[in-house]
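For chain A, the structure is supplied; the task is to place chains B, C and D on it using the hints.
Protein chains: 4
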Amino acid sequence: MSNHRKMRMGMIGGGQGAFIGAVHRMASALDGEIELVCGAFSSNPERSKASGKEFFLPETRSYGSYQEMIASEKSLPEGDRMDFVSIVTPNHLHVPPAILALQNGFPVICDKPLAFSLAEARELRSVVEDTGLLFGLTHNYTGYPMVKQAREMVKSGDLGKIRKIVVEYPQGWLSTLLEASGQKQAAWRTDPSRSGVAGSMGDIGSHAENLAEYISGLKITQICADLTTFVEGRQLDDDGNVLLRFENGAKGVLHCSQISVGEENSLNIRIYGETGGLEWHQMEPNTLIHKTNDGKRILRNGVGDLCPSAQAHSRVPAGHPEGYLEAFANIYRNFARTLRSVLDNQQPDPLYADFPDVHDGVRGMAFIETVVAASAGNEKWVPFEAK
Amino acid sequence: MSNHRKMRMGMIGGGQGAFIGAVHRMASALDGEIELVCGAFSSNPERSKASGKEFFLPETRSYGSYQEMIASEKSLPEGDRMDFVSIVTPNHLHVPPAILALQNGFPVICDKPLAFSLAEARELRSVVEDTGLLFGLTHNYTGYPMVKQAREMVKSGDLGKIRKIVVEYPQGWLSTLLEASGQKQAAWRTDPSRSGVAGSMGDIGSHAENLAEYISGLKITQICADLTTFVEGRQLDDDGNVLLRFENGAKGVLHCSQISVGEENSLNIRIYGETGGLEWHQMEPNTLIHKTNDGKRILRNGVGDLCPSAQAHSRVPAGHPEGYLEAFANIYRNFARTLRSVLDNQQPDPLYADFPDVHDGVRGMAFIETVVAASAGNEKWVPFEAK
Amino acid sequence: MSNHRKMRMGMIGGGQGAFIGAVHRMASALDGEIELVCGAFSSNPERSKASGKEFFLPETRSYGSYQEMIASEKSLPEGDRMDFVSIVTPNHLHVPPAILALQNGFPVICDKPLAFSLAEARELRSVVEDTGLLFGLTHNYTGYPMVKQAREMVKSGDLGKIRKIVVEYPQGWLSTLLEASGQKQAAWRTDPSRSGVAGSMGDIGSHAENLAEYISGLKITQICADLTTFVEGRQLDDDGNVLLRFENGAKGVLHCSQISVGEENSLNIRIYGETGGLEWHQMEPNTLIHKTNDGKRILRNGVGDLCPSAQAHSRVPAGHPEGYLEAFANIYRNFARTLRSVLDNQQPDPLYADFPDVHDGVRGMAFIETVVAASAGNEKWVPFEAK
Amino acid sequence: MSNHRKMRMGMIGGGQGAFIGAVHRMASALDGEIELVCGAFSSNPERSKASGKEFFLPETRSYGSYQEMIASEKSLPEGDRMDFVSIVTPNHLHVPPAILALQNGFPVICDKPLAFSLAEARELRSVVEDTGLLFGLTHNYTGYPMVKQAREMVKSGDLGKIRKIVVEYPQGWLSTLLEASGQKQAAWRTDPSRSGVAGSMGDIGSHAENLAEYISGLKITQICADLTTFVEGRQLDDDGNVLLRFENGAKGVLHCSQISVGEENSLNIRIYGETGGLEWHQMEPNTLIHKTNDGKRILRNGVGDLCPSAQAHSRVPAGHPEGYLEAFANIYRNFARTLRSVLDNQQPDPLYADFPDVHDGVRGMAFIETVVAASAGNEKWVPFEAK
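Residue numbers (the working numbering), protein chains in the order written: chain A, 1 to 387; chain B, 1 to 387; chain C, 1 to 387; chain D, 1 to 387.
Be a bit skeptical, because a hint or two may be false.
Said to hold, decoys possible - For lysine-lysine, the following PhoX-like pairs were computed, each having C-alpha atoms within a straight-line distance of at most 25 angstroms: (1) C:LYS219 x B:LYS380; (2) B:LYS219 x B:LYS6; (3) B:LYS74 x B:LYS53; (4) C:LYS74 x C:LYS53; (5) C:LYS53 x D:LYS387; (6) A:LYS219 x D:LYS53; (7) C:LYS53 x B:LYS380; (8) A:LYS53 x B:LYS6; (9) B:LYS49 x A:LYS6; (10) C:LYS387 x C:LYS219; (11) A:LYS49 x B:LYS6; (12) C:LYS184 x C:LYS155; (13) A:LYS219 x A:LYS155; (14) A:LYS6 x B:LYS6; (15) C:LYS6 x D:LYS49; (16) B:LYS53 x A:LYS6; (17) C:LYS6 x D:LYS53; (18) A:LYS219 x A:LYS49; (19) B:LYS219 x C:LYS380.
No lab work stands behind these hints: they were computed from the structure.
Okay, chain A solo, but in the shape it has when bound:
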């Protein structure tokens, strides 16, 4: 059967007032290739209904639990039921609905980090492998066109052999005990029972790790870490400084923070090879700086001869800024296009079959747990493996 139609999405979590749920809805809507058809937006059935109404869904498809949603949707005729599930709950509620969805035949796209723990992540990986269904992870920062361009430039040797990587993710919003005020975002992120073993390192350090490996194409092999909880009364790290060693002998520095007062969301990366360097800042994402000892070049979205992937992930001409939602939408569009190919039994276009998957997710969880262990221990260098 032909699937030249919008892919139908069911959402788990992300009711009214949730930050990341709204992001996923906008990202999935932008290109007109995905349609929100149902949701279990809250564990409270009334709140879920109210959210569904706000999102213009019929009452019958706003479910009181993800279990109910999966069962009900499965019972719908193929032409009506959702095609995939989007999971936008806090970390401890990623894996259970993901496994249930997969086991009932629904592909999944899930917020990051993949799981509450590495063990849980591995369990999910098994289910993904067993079911053979599509699984996407919204490490959204790799969706930016200039990140694609950077990766391509490293790959094609424009920088020579990579020697040094500096990747940072400073924020300042948790410089006080915001969680004590009841602020919802702060509350679950600083709560070990919902967030997992790491605070800043899990929430944003894992993005930095993912970005560094994605662009460089190199794996981290050794870690030396120093995590700190600066705000009194907080249970998880709110700052972390890490030295890195990469498989090819490159060295690196990764630091992230939620107490760097005045920083918004300043993910950035610098990567230096034998013959050139690159610099990219998430807060000015349309610009990539290419450095050599003879001068600097400013590469820009839509200008000049960018690689096909950078072009395919940009929607408007040069000088029309594309931001966070567009990058996030790239993950969703790529997932949807790939899913459509799968449903049509066609070979997915590799240009779009480019989104983080369950293996990236397992690696991210391994990174988080390794950094936490490394910080707690006296060993200088701790090996990083993601089995």
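Relative to the frame of chain A, chains B, C and D by itself:
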């Protein structure tokens, strides 16, 4: 009847390959409040069908002409037919379909500039006034949150009485005779029979005029202009420099260009009052610089105590860049929300009833024609009125 | 006789507390090629002595008037007497001491603008031509290395034929009636009896004009101007907007301001040719941006393959910022080296015989008077000639 | 006796072609408070004479060795002889001439790092303490006005208790084996017999350490380090990544590099306290960014209400960029003014008695040796003490 449902949009123009049509579709889709239900995407019926299919529309609602679309949709039951029309054709094809739609009871949102000529614009204004239907114009740059913030700061007296405004819109993409290559965007923009009497001044200078008046709340009263066609073989201006005088005695400079090589889409404005100044750049739209002689402050989307309008036009937390499509989507969302209120016989929320209308459009056309006349004449100062 | 020795400078004006006098002393001292040996620092002999003492001069060489200084120094043996005179007084006191110095055989370097009026400037030009002595004018902004680089790139055709020039010089320090407070710098600059017919246009607009012509190598031929005095009680313009036409058909915009609140000293220029553009900001002077429609390149002091003149006007390796005093010092060093060559009857090195002269000064005065006249008149375009 | 006269400087090292010698000469000349009167510019007497001639010195005072210079100058009458010695040789030649000068009664100002080794630095410290003579170290980056401002803001509690410091010093000039080409600067800096045990960490990492402690007022107490030599054939580190712990519990990251291709001299620091953050970049030294979670403020040289020290170390009004030489000159001016006070038996003005001294130098050498040892060892945290 209650209209708590997505607003249904029919599009005129914007078939496959059109730049601005895709922008309007993405902008209208982003918030999940508008649904594309039909279109007359091309004057070639087959191309229109093919486009509709690409956008996942049923064949029956991809029409071969706007006349057919308006007639057919009108005949559908109220619960199915489109709620409004979006017009994304070249300038000479704005007014005829707009008038037809209005006369058949369909509200309209239209790309800018409003019309092919001031006379035509006035005709449309009459129809809007006669029908009393909602009319929106996508002067999208006023949709940016920091533009709202700038306007509010001027209004609330943070700068004191305004003295000087510098507004610029340089581009470089037409520095060669690109239209001779058959490039579609270049072709109609440089063709007087489709674009009107002005080239750069109509396409982008009118954005600069609109932005300056929107932020300052001041009307331009006198114009001194020097338009140039630099590229040999071109028929319309590709560069323009204009001195401005405002109603309160403020002075200004407006310049726009399509031959400023290497410039992308560098709309920017600086505005100085007795006690403070503001600077905003479309290519870094999340930042607004507030200047005094004691120092500079960087205002940012989502940071600190911004005005309600800036907050209402932002979708993600600080540091997650919002760009062109988000600003464009603000125009659409505001139009849709206002339309829904109208359909429900409710008072529109003034926070969202904020989008350019037919009067802005008439003023824009008057600006274009005045600048062209002023440039051609020997008078130093030409009065600017928009009757 | 060989003059491999420091050039000996006598200064007129610039006593304690004067801003520009201190700048000239530091600029002349930086390279160790010029030695301050005497001065008439104030028309008040006691203040002149006190200033001389502060500058470590012997009492005998701190003179009570420039007339006394010129006469006394002339009577000293050649090995002791000053080699040249530096004039750093307000505008109305440039020409009289300059003429007296020249007529007594002393070369002169003088602050800008050259004179109080165009007529006076022409008189000085005659004396310079009659005496054949070296004359320098400290239009210091042309001393920056990246300005040299920009000029060279235009000259060598890197931008193609020049089409458009935008040059700006906004400041904000006179946004209130500062002169009423007795502030010395404000007082003379806003006083027609000391400053001349123009305020902002004479003080800083003339720098913008000089920079545009220096870099482009093009002469302005027509001017359309709108000067304003915004601050009540002020006698001279504190803001000016000017449209320009250049000899080759290029168009331009020049605006300057002393009421652009929050602006420091933001001289900047953008220049566009058929194939490339350049952008330079005085407040980030070590960077020159080269734009094409395929991307931007950042040229930096000391990096890569800059032209010989850019290299010759830079003192430290890349990344060690060079600023205003270094650029100013380039004018002095070039003047001193050229003077030494002249004294040694050698051909000056063209790399260093590069500093503004009396002809630039006459042109600057003509520009000021033309703009003032053009602003006052009803003619749209006023021819600009500097005879 | 009164010393209201220029301080007379004798220079050791810094002959023709040396980069840092020229810097010291310009820095000492800028303010007209110091006069170069003699030098031992090279260990080759002829080269020393030739250099002296270039600098306009009489042949009799261009010496063939520093020993000769010190002996000869000592024998001159007090009114003629040099007042102090400036040492600008490679690292291994700092201490021997410094000790000889001090032992002969001459105060010393010396380039950094202080010595070839910590042991040697301690020896010099003893001599400084024994002789009681003035000793200055040109850690020039602390001479910038906005560094003074940053230090003052930390001290006055504007940021609250300091939590995190990130300090970086990337360069790219040694990304190839430049020393093999005979390039003089590269040659001695990469030669352990002239540079000491460290390459990048000694040359520039020590500046980063000095800057972090200077601004924060905090001492580093623990170090975890990873130095690398990336360029094959090089003997010393050309890259280093260091985690820091400070005495108050603050954490830090310091990294420096000579192989970060395309980086010029990008020393920069970010420092975060409980309530605010600061960011400063050496390559844009006139700007200091003050961050809070409510917004950012741009502090600028000469604008608004800066601290007295920031004002005292700035020479020109706002918007006239001051750079590397001005900051370097601040060290010399402060040294000269303090020396003059000492010679006059007056209490030095604390505003100017602000320059790095022998204790900073010893601390710097201890830092270098600790980092090298820490990098080589398996201990995670190595204590940092400077006894």
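Subject >> In rising order, the numbers of the hints this structure does not comply with >> reply: 2, 5, 6, 7, 12 and 18
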